[in-house]
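Peer 1: These are the residues of each chain, in order.
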Amino acid sequence: NAGVTQTPKFQVLKTGQSMTLQCAQDMNHEYMSWYRQDPGMGLRLIHYSVGAGITDQGEVPNGYNVSRSTTEDFPLRLLSAAPSQTSVYFCASSRTGSNQPQHFGDGTRLSIL
Amino acid sequence: AQTVTQSQPEMSVQEAETVTLSCTYDTSESDYYLFWYKQPPSRQMILVIRQEAYKQQNATENRFSVNFQKAAKSFSLKISDSQLGDAAMYFCAYRSVRGGGADGLTFGKGTHLIIQP
Chain L
1 NAGVTQTPKF QVLKTGQSMT LQCAQDMNHE YMSWYRQDPG MGLRLIHYSV GAGITDQGEV
61 PNGYNVSRST TEDFPLRLLS AAPSQTSVYF CASSRTGSNQ PQHFGDGTRL SIL
Chain R
1001 AQTVTQSQPE MSVQEAETVT LSCTYDTSES DYYLFWYKQP PSRQMILVIR QEAYKQQNAT
1061 ENRFSVNFQK AAKSFSLKIS DSQLGDAAMY FCAYRSVRGG GADGLTFGKG THLIIQP
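Protein sequence lines correspond, in order, to chains L and R. Numbering of the first sequence is given in the working numbering, commencing with residue 1 and proceeding in unit increments. Numbering of the second sequence is given in the working numbering, commencing with residue 1001 and proceeding in unit increments.
Think of the hints as simulated: they come from the structure by calculation, not from any bench. Just so it is clear, the structure is predicted and the values come from calculations on it, not from any experiment. Using N, Cα and C, we set each Cβ at its ideal position, and we do this for glycine too. Hints may contain errors.
[Unchecked claim] Label pairs and their computed distance ranges (CB to CB):
no., chain 1, residue 1, chain 2, residue 2, range
1, L, Ile54, R, Glu1017, 46 to 56 Å
2, L, Thr15, R, Ala1016, 43 to 53 Å
3, L, Lys14, R, Gln1014, 40 to 50 Å
4, L, Pro83, R, Gly1099, 26 to 36 Å
5, R, Thr1027, L, Pro83, 46 to 56 Å
6, L, Val12, R, Glu1017, 21 to 31 Å
7, L, Ala52, R, Glu1017, 44 to 54 Å
8, L, Gly3, R, Pro1009, 23 to 33 Å
[Unchecked claim] Sample of chain R residues at the chain L side, in silico, Cβ under 8 Å:
no., residue
9, Pro1040
10, Arg1043
11, Gln1044
12, Arg1050
13, Ala1059
14, Ser1096
15, Val1097
16, Gly1100
17, Ala1102
18, Asp1103
19, Gly1104
20, Leu1105
21, Lys1109
22, Ile1114
[Stated by the list, open to error] Pairs of lysine to any residue, SDA-like flavour, derived with a Cα cap of 25 Å:
no., chain 1, residue 1, chain 2, residue 2
23, L, Lys9, L, His103
24, R, Lys1109, L, Glu59
25, R, Lys1109, L, Pro83
26, R, Lys1109, L, Arg109
27, L, Lys9, L, Gly97
28, L, Lys9, R, Lys1055
29, R, Lys1073, L, Gly58
30, R, Lys1078, L, Lys14
31, R, Lys1055, L, Gln100
32, R, Lys1078, L, Lys9
33, L, Lys14, L, Ser84
34, R, Lys1109, L, Gly58
35, R, Lys1109, L, Lys14
36, R, Lys1055, L, Gly97
Okay, chain R solo, but in the shape it has when bound:
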C-alpha cells in the first residue's frame, strides 16, 4: 500500500513571499501520478497541480510549481508571490496506475497554510 506524508502541519508566510510545502511518499510502483489539492475554508477540494511520474520535467501552473524528485520520493509544492487567497489546507495525493487508477487517491494529512498580510 502507498503512503503519503506531509510533515508540516502548519506553515506561515508573508504575503508576496515564496513558500514551499513538503510531501514524501512511499510506493513500490514505478509509474503513478501525484497531485496537490487546495481546500479553502469553503471546504471545496480544488486541484492545484499534477505530476506524472514518468515525466522528469516539473509541472508548473502559474504561481504554483513542483519539485519532483522521483528517486527520493519527494513532491514539494512551491507557491510564489503568495496571495491572501492562497490561505487554505493543502493536500498531497498519490494515484496508482494499477487498475487505471480506479481505486482513487491516497492523501497526506495536509498542511495548513497561513498568509500573513
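Just chain L, with the same shape it has in the complex:
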C-alpha cells in the first residue's frame, strides 16, 4: 500500500517555466489537498478537492492551477514559475469527515531561480 505518492521529490526551475507536480493516492480517498511549506510559516493550503471534478481554492491559490479528473490523481500546475514559489509542496488525502486524519506525501522541494 503506497499511500500518497508525490513526484518529483526535487525540482529546479527557471523563472517563467511551467511544470506539474504529481500526486496520486491509492486509498480511495475523496478529499485531496495541496499545501506549501515555507520556513517559519507552517503549512498553508493552496487548493483542495472533495472528489473527481470538484476543486476549490485555499489560502494561497495565486499562481497555481489544479484539476481532478480521477479519484486517485490531483496534479498541481505552475503555469509561469516565480521565485516566490520556491517552497516544499505537500499533497494530502483523507476520507470524508472532519475527524479523518490527512495522509501526507513525502513532499516536493521546488526551487525557482
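Fit chain R to the known structure of chain L by using the hints.
Peer 2: Quick look at chain R alone, frame taken from chain L:
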C-alpha cells in the same frame, strides 16, 4: 477564518524528561477537530494525536497526551519520557467540521523540539 498560534519556535528537553508544547487557536465554531503532527528531518508529516472538540476527555497516545481547554482555546501537547527519536518539528492543526472538513487543515508555524542526550 481560524488561526492557530504556536508561541514557542524552539524547545529543548533532556532525554527521559517531560516537555509541553503550547498551541492556541481562534475560532467562532463550536465543533471542530485538533491535531498534532510531527515532522522529523525526513520531511514526513506524521500524525501524533487528535482531539475532538466535543469530547471533554483529553486524548492520549502512549507517551503523548494533550491538555485541551476549550474555553481557553488551548491545545497543548505533553511528551513524557522524551526520546531522541522525538526530535522534530511539531505542528498544531485545526480542522473545521464545516463542509465535512473538506477544506483541509489550518496549521500553526511549528515548534522545533530538541532532545538533549
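Peer 1: A separate judgement is required for each hint: does it hold in the structure or not?
Peer 2: Results of checking the hints against the structure:
no. : hint                            : result
1   : L:Ile54 / R:Glu1017: 46 to 56 Å : 48 Å, holds
2   : L:Thr15 / R:Ala1016: 43 to 53 Å : 50 Å, holds
3   : L:Lys14 / R:Gln1014: 40 to 50 Å : 47 Å, holds
4   : L:Pro83 / R:Gly1099: 26 to 36 Å : 34 Å, holds
5   : R:Thr1027 / L:Pro83: 46 to 56 Å : 34 Å, violated
6   : L:Val12 / R:Glu1017: 21 to 31 Å : 42 Å, violated
7   : L:Ala52 / R:Glu1017: 44 to 54 Å : 49 Å, holds
8   : L:Gly3 / R:Pro1009: 23 to 33 Å  : 30 Å, holds
9   : Pro1040                         : 12 Å, violated
10  : Arg1043                         : 5 Å, holds
11  : Gln1044                         : 6 Å, holds
12  : Arg1050                         : 6 Å, holds
13  : Ala1059                         : 12 Å, violated
14  : Ser1096                         : 7 Å, holds
15  : Val1097                         : 4 Å, holds
16  : Gly1100                         : 5 Å, holds
17  : Ala1102                         : 4 Å, holds
18  : Asp1103                         : 6 Å, holds
19  : Gly1104                         : 4 Å, holds
20  : Leu1105                         : 6 Å, holds
21  : Lys1109                         : 4 Å, holds
22  : Ile1114                         : 17 Å, violated
23  : L:Lys9 / L:His103               : 17 Å, holds
24  : R:Lys1109 / L:Glu59             : 15 Å, holds
25  : R:Lys1109 / L:Pro83             : 21 Å, holds
26  : R:Lys1109 / L:Arg109            : 18 Å, holds
27  : L:Lys9 / L:Gly97                : 29 Å, violated
28  : L:Lys9 / R:Lys1055              : 39 Å, violated
29  : R:Lys1073 / L:Gly58             : 24 Å, holds
30  : R:Lys1078 / L:Lys14             : 44 Å, violated
31  : R:Lys1055 / L:Gln100            : 16 Å, holds
32  : R:Lys1078 / L:Lys9              : 33 Å, violated
33  : L:Lys14 / L:Ser84               : 12 Å, holds
34  : R:Lys1109 / L:Gly58             : 17 Å, holds
35  : R:Lys1109 / L:Lys14             : 28 Å, violated
36  : R:Lys1055 / L:Gly97             : 16 Å, holds
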